[in-house]
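Number of protein chains: 2
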Amino acid sequence: MAPLFHPSRDDITLAGVLSALADPMRLRIVKGLMEQSDCMSCTAAAPCPDIPKSTLSNHFRILREAGLIQTTKKGVEHRNVVREADLNARFPKLLKTILASAE
Amino acid sequence: MAPLFHPSRDDITLAGVLSALADPMRLRIVKGLMEQSDCMSCTAAAPCPDIPKSTLSNHFRILREAGLIQTTKKGVEHRNVVREADLNARFPKLLKTILASAE
Numbered sequence: 116m117a118p119l120f121h122p123s124r125d126d127i128t129l130a131g132v133l134s135a136l137a138d139p140m141r142l143r144i145v146k147g148l149m150e151q152s153d154c155m156s157c158t159a160a161a162p163c164p165d166i167p168k169s170t171l172s173n174h175f176r177i178l179r180e181a182g183l184i185q186t187t188k189k190g191v192e193h194r195n196v197v198r199e200a201d202l203n204a205r206f207p208k209l210l211k212t213i214l215a216s217a218e
Numbered sequence: 116m117a118p119l120f121h122p123s124r125d126d127i128t129l130a131g132v133l134s135a136l137a138d139p140m141r142l143r144i145v146k147g148l149m150e151q152s153d154c155m156s157c158t159a160a161a162p163c164p165d166i167p168k169s170t171l172s173n174h175f176r177i178l179r180e181a182g183l184i185q186t187t188k189k190g191v192e193h194r195n196v197v198r199e200a201d202l203n204a205r206f207p208k209l210l211k212t213i214l215a216s217a218e
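Here the protein sequences come in this chain order: Y and V.
Residue numbers for the first sequence follow our numbering, beginning at 116 and rising by one.
Residue numbers for the second sequence follow our numbering, beginning at 116 and rising by one.
Next up, chain Y with everything else stripped away, as it sits in the complex (with noise of 0.2 Å):
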């Protein structure tokens, strides 16, 4: 299996991290990261439980791409958290202004 592609902080994009949370169920799922203390599944951090798991994937996918979070591969689980030191230093406010206008 290719090894999962994360942008470092210097090339997080506000056109990437825009687009990537451009999408309701996106914008569901960070929102459920940031709720976490600690690193959560794909499935556990799926906003409904009977979204297909390669609709599901795709979605991590953008997200990690676009520098949204973090994936590491522990067993047969993906597990994933939110870059917010990173996302915080690139565009200070910005995340927590885009998740409280989800509400």
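Note that these hints are calculated values from the structure, not bench results.
Any given hint could turn out to be false.
[To be verified] With a straight-line cut-off of 20 Å between C-alpha atoms, the simulated SDA-like cross-links for lysine to any residue are:
1. Y:K208 - Y:E192
2. V:K188 - V:L171
3. V:K188 - V:T170
4. V:K211 - Y:L209
5. Y:K211 - V:G131
6. V:K211 - Y:P207
7. V:K211 - Y:T128
8. Y:K189 - Y:R176
9. Y:K146 - Y:L209
10. V:K146 - V:S172
11. V:K208 - Y:A215
12. V:K146 - Y:S134
13. Y:K211 - V:K211
14. Y:K189 - Y:R179
15. V:K146 - Y:A130
16. Y:K146 - Y:D125
17. Y:K146 - V:T128
18. V:K208 - Y:R205
19. V:K208 - Y:T186
Following the hints, put chain V in place on chain Y, whose structure we already have.
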């Protein structure tokens, strides 16, 4: 010519706004419009002078249909203004925070 479509305040969605702003050119257009006290024509609000008119008009259509700008026909010109009050009512601080991130 068909009348220009503008969504009502309540029909402006977060995903639509983020998607419309997920483009460096459109971010610059909105930024330019915000810095003016008055409406601007599409040409005057263009971020650079050599953008084809069709490209520019497509960017303005996307911004308009997402509820970011209000366009009024004035003779042969289209005059544009950012729908700040509507956007701030729907998503407090969102536009300002995104534009600050674009600096």
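Worksheet item: What hints, given by number in increasing order, does this structure fail?
Response: 1, 16, 19
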